[in-house]
Amino acid sequence: MVTLPPKSDQKILLELNGVKKYFPIKGGILKRVQGHVKAVEDVSLQLYEGESLGVVGESGCGKSTLGRAILGLEELTEGKVRYKNEEIQDLKRKEKLKFVKEMQMIFQDPFASLNPRQRIGHALEEVFTMHTNMSAKEKRKSVIDLLDEVGLKEEHFEKYPHEFSGGQRQRIGIARAIALNPSFIICDEAVSALDVSVQAQVLKLLKSLQEKYKLSYLFISHDLGVVRYFCDRVLVMYLGNTVELGTVQGLFANPIHPYTQALLSAIPRPTVQKNLKRIRLQGDLPNPANPPSGCPFHTRCPIAQDMCKVDKPAWQEIEPGHFAACHFAGTKI
Amino acid sequence: MTNAVLIDVQAPVRKKKEKVYITTIKRLLKNKLAVVGIIIILLQIGMAIFAPAIANYDPAKQSLVESELPMFSDGHWLGTDNYGRDVWSRIVHGARISLLVGFTAVSLGLIGGITLGLLGGYYKKLDGIIMRIVDLLFSFPGILLAMLIIAILGTSLVNVAIAISIWSIPSCARIVRGSVLSIKEKEYIMALKSLGASDLRIMLRHILPNAMAPIIVFATMRMGTAILSTASLSYLGLGAQPPTPEWGAMIAQGQDYMWTSPHLTIVPGIVIMLVVFAFNVVGDGLRDALDPNMDIQ
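As they're listed, the protein sequences go chains S and G.
Each residue of the first sequence is one higher than the one before, counting from 1 in our numbering.
Each residue of the second sequence is one higher than the one before, counting from 1 in our numbering.
There may be inaccurate statements among the hints.
Unchecked claim - According to the in silico footprint, chain G covers these stretches of chain S (three or more CB under 8 angstroms from chain G):
| id | stretch |
| --- | --- |
| 1 | 76 to 89 |
| 2 | 112 to 123 |
Stated by the list, open to error - Derived pair list, reagent style DSS-like, types lysine-lysine, alpha-carbon separation capped at 30 angstroms:
| id | chain 1 | residue 1 | chain 2 | residue 2 |
| --- | --- | --- | --- | --- |
| 3 | S | 26 | S | 11 |
| 4 | S | 26 | G | 184 |
| 5 | S | 101 | G | 30 |
Hint data in this document are derived by calculation from the structure and do not stem from the laboratory.
None of the values given here were measured: they were computed from a predicted structure.
Yeah, the Cβ is synthetic: ideal placement off N, Cα and C, and Gly gets one too.
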């Protein structure tokens with residue numbers, strides 16, 4: 001695995017600028033908006049061509065919403081998404097079709113993401129029906145090629161989703177995502193629902209496809225081990241905010257933000273040493289409808305000071321290519 | 001790399017499972033009441049198709065010499081009415097009318113109801129308006145609404161079918177809307193959107209096939225209701241006009257002779273009851289067979 005540190009000469013594929021996604025909370029008789037769940041709060045980042053960017057964080061931190069917002073499945077509250085230097089957040093469906101071919105998504109639950117009443121061959125053919133003018137014969141051939149590409153066989157063409165194993169279904173999900181030769185794929189917890197042994201196979205498949213087609217991945221996961229194996233860079237999110245971004249080597253070796261440090265210390269290690277300190281965070285994840293003032297992490301941060309309750313820390317480059325949002329960046333806990 | 005990728009493909013493709021509709025039919029046939037219902041419906045369909053062959057008399061042919069023959073008379077096993085028309089032949093031909101009107105009414109009602117339900121369930125903005133229209137239609141008692149529509153359109157069997165179909169639209173729309181609301185949140189719909197599928201494609205090719213189970217049950221039960229309503233409206237003189245051999249109209253004509261020739265009202269009455277009963281039990285059986293957890297009023 002060659003991991004390229006993000007250099008300025010690498011081509012930027014996707015750029016997020018101040019992306020926000022708030023979900024309104026409606027209540028009362030008149031269904032008035034009473035507040036907002038701040039699912040994604042001011043995310044800015046760049047994704048380079050051919051890299052895998054991992055997005056980690058606990059449940060409810062806005063990872064999946066971020067992925068959907070990039071694809072336009074959720075309307076942005078604010079912010080800009082630029083893909084290959086074109087703003088795509090406000091496009092109409094017709095104009096967006098061009099980008100649909102380039103940006104695809106692989107979903108967490110491969111069973112739920114396939115229509116249970118549709119043969120998988122037809123599900124894959126449908127992708128070509130929507131975007132190309134292929135004849136029925138060409139479509140069938142393309143689908144069989146696709147099945148072959150993800151390690152399935154022609155005889156699977158006429159099967160229904162329930163006739164497959166979990167790993168096979170996720171291969172179908174992958175086949176559907178790569179059908180139109182995209183350059184960017186969002187993997188939303190793509191391997192979380194699979195057995196560990198099958199996870200490895202699917203990850204290998206994703207890797208080989210990346211090499212073959214020069215794909216970029218936004219790899220959303222809560223499994224730090226998988227991210228460490230699979231990704232080039234990692235973005236850590238907490239309560240809709242980005243807290244740290246760095247290369248896999250840099251971030252895992254030297255976590256700057258206290259939240260990242262706590263996350264990393266929670267990875268189970270096969271060791272009998274007793275002196276391994278595990279950082280235990282106190283309290284629960286705050287309500288994203290009513291996030292804490294100042295730094296969103298201050299309610300649970302072991303090194304929080306008074307200023308953390310008031311000032312929101314800026315997103316700054318602490319080391320080259322290593323960003324974090326913390327007033328006391330680099331303090332070890 | 002390629003070798004590693006191919007590992008779990010060695011696992012055999014799982015054994016072919018039975019198709020959904022075969023399991024449904026098997027489960028349906030275990031339900032004895034439903035089987036009785038199916039037999040009655042098949043008999044009615046058979047009667048409707050082969051009516052000219054089964055009926056030994058022209059249903060409209062009068063023969064005043066043979067009027068008001070009782071049941072089991074020579075040549076007229078169900079007797080004759082006050083004009084000497086053969087009751088059996090009229091019942092057989094009546095099967096055609098009630099099936100045809102029922103089927104037309106339910107089909108039209110389904111088309112309207114599915115359209116409204118899909119639009120209302122899928123587009124949040126349309127939901128409010130469509131559901132208020134549906135509520136409005138719901139607020140009229142069924143038969144009254146049908147009578148109102150017939151009063152506007154005029155009395156004929158075609159208008160009866162239209163009236164019953166309009167009356168079927170609101171319940172169908174509600175059932176479809178409910179299913180659409182739950183199906184559209186499924187992940188495969190999200191996946192299709194991410195692939196750039198149009199709303200029309202999602203609604204017709206993906207949501208509708210998955211919402212079919214409650215619609216099938218509704219359609220079956222509504223067939224029974226539609227046949228009953230056709231008979232009711234014809235009984236009231238709003239539907240079939242003489243000499244059409246419609247079951248409801250037959251009861252209406254026969255009631256004047258109820259004391260002398262009770263079979264003129266009892267026979268069509270029993271036939272209507274059996275057919276409505278059959279459609280209801282088959283609908284019930286289908287509901288259980290399709291999905292025991294499905295909820296439908």
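The hints, checked one at a time:
1. Counting residues of the stretch 76 to 89 of chain S whose C-beta sits closer than 8 angstroms to any C-beta of chain G gives 0, which falls short of three, so the coverage hint is violated.
2. Counting residues of the stretch 112 to 123 of chain S whose beta carbon lies closer than 8 angstroms to any beta carbon of chain G gives 7, which reaches the threshold of three, so the coverage claim holds.
3. Distance check on the hinted pair: residue 26 of chain S and residue 11 of chain S sit about 42 angstroms apart at the alpha-carbon level, beyond 30 angstroms; violated.
4. Distance restraint check for residue 26 of chain S and residue 184 of chain G: the Cα-Cα separation of roughly 20 angstroms lies within the 30 angstroms cut-off, and the hinted pair is therefore satisfied.
5. As the CA atoms of residue 101 of chain S and residue 30 of chain G are separated by approximately 49 angstroms, the hinted pair breaks the 30 angstroms bound.
The earlier numbered hints that this structure contradicts are 1, 3, 5.
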